[in-house]
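Letter by letter, the chains look like this.
There are 2 protein chains.
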Amino acid sequence: MKIKMLLFLAILTLGMVSCKNQASQEKSEVANEKPDWVIVIHGGAGNITPERIPPEKEAEYKVKLAEALDAGAAILDNGGSSLDAVEVAINIMEDCPLFNAGKGAVFSADGINELDASIMDGRTMNAGAVAGVTTIRHPISAARKVMEESAHVMLVKDGAEQFALGQGIEIVDPSWFYTEKRWQSLQKAKQREAEKKADLTKKSGTVGCVALDKHGNLAAGTSTGGMTNKKYGRIGDSPIIGAGTYANNNSCAVSATGHGEYFIRNVVAYDISARMLYANMTLNEASNEVINHVLKEQNGSGGIIAIDNKGNIAMPFNTAGMFRGYMKPGTEAEVFIFKDK
Amino acid sequence: MKIKMLLFLAILTLGMVSCKNQASQEKSEVANEKPDWVIVIHGGAGNITPERIPPEKEAEYKVKLAEALDAGAAILDNGGSSLDAVEVAINIMEDCPLFNAGKGAVFSADGINELDASIMDGRTMNAGAVAGVTTIRHPISAARKVMEESAHVMLVKDGAEQFALGQGIEIVDPSWFYTEKRWQSLQKAKQREAEKKADLTKKSGTVGCVALDKHGNLAAGTSTGGMTNKKYGRIGDSPIIGAGTYANNNSCAVSATGHGEYFIRNVVAYDISARMLYANMTLNEASNEVINHVLKEQNGSGGIIAIDNKGNIAMPFNTAGMFRGYMKPGTEAEVFIFKDK
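Which chain is which? The protein sequence lines are A and B, in order.
Sequential numbering of the first sequence, starting at 736, is according to this note's numbering.
Sequential numbering of the second sequence, starting at 736, is according to this note's numbering.
Isolated chain A (complex conformation) (with noise of 0.2 angstroms):
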């Protein structure tokens, strides 16, 4: 009888662990169930403190970056590619000259602004960069023709813009992309220089989307001004395939913003799909592992964005902010600016 007892209690135990599993895995398999379509934005990294930033400051940077995840979002949700996406959403923030791209570049050395960009396909591989183009107003969208329209990946200066000329991308007098606070940074920061003070430059201040869309094809697009006071046709990591931008439907979409050097000598965006192809590392492990650890390691200051093939994001950064927002199905925008809000 006290082993019948016993043989029941173990059962009915065995039953409720049983039980448990199955709640807890129904649980976790909802967490990570696929969403329909995925978008990650982000407006630059850097000494992004809320002392620097005031609140009004704040909100105007949220409602932009909302504007852009919404407009992205509705692309996507209209089951529409994840390439129109990423490159309506960079637009709207290469037109708002809160952000390092378009309208509101940082100024070079001579006083120009000098912009890159580039676009990368998951499904096809296929990818498209401009890099120091001073007279296109959405230098992502020359990217994307690059891509789909010459046999090339990547044209730079009067070249590039030729073709774009050519290819109906809308060009402007340079003169569009002045701000007056930009000016000012580069009117600073060649002071300093002239004073051979430490270039206190803000290294980072790029925008960048990654999107997944309803037929579960990645892409990835970053647009930059690049560095105040850049001198010698200095080319960062935005406009490279691998430093600053990469996309991969077996693997991962990826857009960099930070000190380009450090991005292109670590091929950043690559390195964070080859650790999860090779070395089987989630998307939070392999961009966690780059960014806060082997960047942080080298000083190598900034961020990225990322979505999986699951739709998994991630957006790690190593200063004390990033601009940065993501949206899916049945949600509202969701923005972020410091380390937790």
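No wet-lab data here; the hints were simulated from the structure.
Where is the CB? At the ideal position from N, CA and C, for every residue including glycine.
Incorrect hints may appear among the rest.
The following label-pair restraints were derived from C-beta to C-beta distances [unchecked claim]:
(1) B:Lys1031 / A:Lys1076: 47 to 55 angstroms
(2) B:Pro785 / A:Glu768: 58 to 66 angstroms
(3) B:Asn1027 / A:Lys932: 49 to 57 angstroms
(4) A:Gly814 / B:Thr859: 46 to 54 angstroms
(5) B:Lys931 / A:Gln926: 54 to 62 angstroms
(6) A:Gln926 / B:Lys923: 48 to 56 angstroms
Position chain B against the provided structure of chain A, taking the given hints into account.
Just chain B now, kept in the frame of chain A:
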């Protein structure tokens, strides 16, 4: 007694097996002994067949490849750095009209020679690159100055030239790069384009060098004129760190040659390193996988040269031929052009 006999035989057999193992291990260790230094070069991959390269031309190429190897080897044998060896070997090929780099570079659609180069130091992981330069005799030397004397990795066009001039890099008249053979190639390419015939332009032809020095440091460099009849400021993989050039003392040094757009999209040079570090592939496995599977399946033609940090070398290509060679202590330069010789 029988048992003792069997025991004796068993011990004897075990001893023999053990000795044999030791012997084969020793042999394998001797075979894999790390050489004091190694240098490998390439002068471009492509449709290089005995039918297209008559014996006297073949001899010319082999003499020049051996000369470049000898110059780099002399530095390495004297305890010099892999960076110096890479630069000197590439300088020799840049000055030689046989190769598509420096003097003898192909012409762009505008009838000028636009040169790209990059270099990477596997010890510091620092890197430098110039792209679209038209007056720098030795673009690889300018790339090295970018790496060592600037805060940047990549400088393009006239900005890069201005920087090089300030660094005492030799500036030449653009006519220095002119060769009748390449000029005629451009005319032919333009004629075929006008007649809307298929582009037969060779997508390859570049020079590169990788070296391991006595101090265990790896370095890689690549220099090119790009593609005949290239337009719109097109930049290929050669000046892109991770695509055409990569070096890391923890894994390998790689220099690529081929249809650049494929090498950029596949982040070829870094991918070989990533497969070694994350997927535990050998240098041979990693480079064969990338060149003979990943690229071949995309019709991405070309090849790479590489050395790992143990001094193993790899020189795979998926084209008819690749100008290539290597040298180690105590041997003559070994040079090859076609598949098997």
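Here's how the hints hold up against the structure:
no. : hint                                      : result
1   : B:Lys1031 / A:Lys1076: 47 to 55 angstroms : 50 angstroms, holds
2   : B:Pro785 / A:Glu768: 58 to 66 angstroms   : 60 angstroms, holds
3   : B:Asn1027 / A:Lys932: 49 to 57 angstroms  : 54 angstroms, holds
4   : A:Gly814 / B:Thr859: 46 to 54 angstroms   : 49 angstroms, holds
5   : B:Lys931 / A:Gln926: 54 to 62 angstroms   : 56 angstroms, holds
6   : A:Gln926 / B:Lys923: 48 to 56 angstroms   : 54 angstroms, holds
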